[in-house]
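Number of protein chains: 2
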Amino acid sequence: MRTRPLKVALLGCGVVGSEVARIMTTHADDLTARIGAPVELAGVAVRRPSKVREGIDPALVTTDATALVKRGDIDVVVEVIGGIEPARALITTAFEHGASVVSANKALIAQDGAALHAAAEQHGRDLYYEAAVAGAIPLIRPLRESLAGDKVNRVLGIVNGTTNFILDKMDSTGAGYQEALDEATALGYAEADPTADVEGFDAAAKAAILAGIAFHTRVRLDDVYREGMAEVTAADFASAKRMGCTIKLLAICERAADGGSVTARVHPAMIPLSHPLASVREAYNAVFVEAEAAGQLMFYGPGAGGAPTASAVLGDLVAVCRNKLGEATGPGDSAYTQLPVSPMGEVVTRYHISLDVADKPGVLAQVATVFAEHGVSIDTVRQTGKDGEASLVVVTHRAPDAALSGTVEALRRLDTVRGVASIMRVEGE
Amino acid sequence: MRTRPLKVALLGCGVVGSEVARIMTTHADDLTARIGAPVELAGVAVRRPSKVREGIDPALVTTDATALVKRGDIDVVVEVIGGIEPARALITTAFEHGASVVSANKALIAQDGAALHAAAEQHGRDLYYEAAVAGAIPLIRPLRESLAGDKVNRVLGIVNGTTNFILDKMDSTGAGYQEALDEATALGYAEADPTADVEGFDAAAKAAILAGIAFHTRVRLDDVYREGMAEVTAADFASAKRMGCTIKLLAICERAADGGSVTARVHPAMIPLSHPLASVREAYNAVFVEAEAAGQLMFYGPGAGGAPTASAVLGDLVAVCRNKLGEATGPGDSAYTQLPVSPMGEVVTRYHISLDVADKPGVLAQVATVFAEHGVSIDTVRQTGKDGEASLVVVTHRAPDAALSGTVEALRRLDTVRGVASIMRVEGE
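One line per chain: the protein sequences are A and G, in this order. Letter by letter, the first sequence follows residues 1 to 429 in full-length UniProt numbering. Letter by letter, the second sequence follows residues 1 to 429 in full-length UniProt numbering.
The shape of chain A in the complex, shown without the other chains (with noise of 0.2 Å):
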């Protein structure tokens, strides 16, 4: 066993970062017999050196990490500062100058993981990133490696934490968007500005990276349809559980029934109360992966969090040291399908519509005109009517998305419909 560490530079000494370095002390020896040598924290860099960092030697912290990554003797950068820049501007120096990458950072490898992926290449260095999809549950390894002989058709995910947490709670408590979201937030789970994981920015980033991975292509975060849940109300919940469903924020990445074309989308979602999916509870992360010759797989686990995530970072840790000391790189980039990412029109889907009617003969009749006359085809239809007030509720069959958005908006022109009380898209059957 080679006894000369590897050298490992720490960008980032937040939550997950100092249970990186917590790790990797604590648990020296484990690592040095599974990497084939010591591993050593050779530089941490931070915005704060004042604050104390227990378990870190003062000696190692800086506040210049771009020094950090030019040093040249260090063998693997530790990337957990997120946010685009500076770390892709360290992550390439930190290849420039002889290191390999382990990140968590997922808004940067969704916007510029191919040219990320392009510099690692060029320099003969790794990119890992599994902390950068649902935290500790081991995903991108499996994606990338493990169904590397077969074909996935279809990833469906949980992959944010906090949106799971307050769609949970409205559901066994049938408590309100505002009142779920004020829980999650007392208790650590929302961040006091909420908009990324509610409006499904961060889950959107995660379903760029899982369908480029899944698929063997090229999506940006441009490419993938996002809608938040902000907008998800007790009384769909109560809709959703009088057909035997749930409602969860899903990242859904599909190849086309040709072959020929990839989607990739979020949004709130009806998924029923037997798929596995639907019990997933509190903040946990689950992704469901549908591949030709495996079939239905499913990954579940802590999406977030310091230490699982540093789990995942050490992994990766793990095997870039492993491929350092074998003079190897591990499976880098694998774009080579370039399927072109079809827009959310081209989606097939199904459809929940709650309308508020007039309560007068005929309604229904108009309205399944509407619908037959996008060609979107009615499964189910309920008629409630009480004080003078009445609803419908329809659930369509499979069809296009523009088909079914296209319907909703002549529906909305009718004199008849007051108002569309809801639309929520049915998945997972």
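What the hints contain is simulated information worked out from the structure, not anything from laboratory work.
Which copy is meant is left open, because identical chains are indistinguishable; a pair holds if it fits in one copy or across any two.
When the alpha-carbon atoms are kept at most 30 Å apart in a straight line, the in silico DSS-like pairs for lysine-lysine are as follows:
1) Lys7 / Lys151
2) Lys324 / Lys7
3) Lys51 / Lys151
4) Lys7 / Lys70
Here the structure is a predicted model, which is why all the values come from computation and not from measurement.
Please build the complex by placing chain G on the supplied structure of chain A, with the hints as guidance.
Quick look at chain G alone, frame taken from chain A:
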């Protein structure tokens, strides 16, 4: 990209082998892109050469497996024969003649994994066997690589589809064991001789493999405590339901609380309906992994079948081929901890015990005294009497298995205890 193809020898062309060959042909372009070089089926060793094998060039078929692995130009041997010999000799010979090996052979890996890993290492080859445990479910690779920076404390899984199908049937229809087994046989889920499945031999082999990888130690097949599920009755399911539980045949690998030893066992057990494993239906497999930093993870999917197993084999094939091209090897044996494997008596668990007792006063006091004498604390007792018969159902708190089984032995000796109707461990809480 290299154009000289990597040569693959396929040993065995049954349900799994023929699927491996089929995918290698139909997805050749994808495999080439993912590996970085073409792969070519260079020979197929079979027992019955006259059988027509669709899609396989008859010129590749041979009955001389030894000559095939000795050819010297084979890069990877895929062993899907199963059983100990000739698989073991062929794999060893393959290593000696330049090939890495992908195997789906749980029995062989469980029995001789250490020696085979040593042979692989000695010759600088890879030995991969994702397909040996839980079919298509990525499990070996996540444990070995994704969790390489973490400390696994527990693996709890449904790793045999046949028995899960039978138990699920009994649970959902109230059928008895024999009736459910007959249905499993009729549907092809159980073999004509179901012993290996229902007696837990298959699951025990997988438990030995999983425990070894999870705890980085050596766990021999003989180290695994094993109880089959042929004695599980409809009455047990009724008892389980009353406790909010179901019954699964579980493979359980645990690190002792003090970290100084490990245990591995296979037996039927009650688990709460709220546990993710409780909802694993039909012949599906699922494995729950608890790691120090990652927390609770679950991996779910089809645990057997030609195509799912082939998916796992091909994932390994891609990895091994990539390693060959990079002149590297993947992670090998990692049994560096040499943790002892404790006997079943030291496992700490809970018992659910049904006793047929005399219907007279003082019985409960007698029974309770026996538990107390063995240091086993009682959680709940339920007494029922009808038609002069009485029964006592006792659920214990956690205690060493030796104390629990000692309690049961002593109970059998009580005059007032007419019989021990069933004993079942309670797990997953």
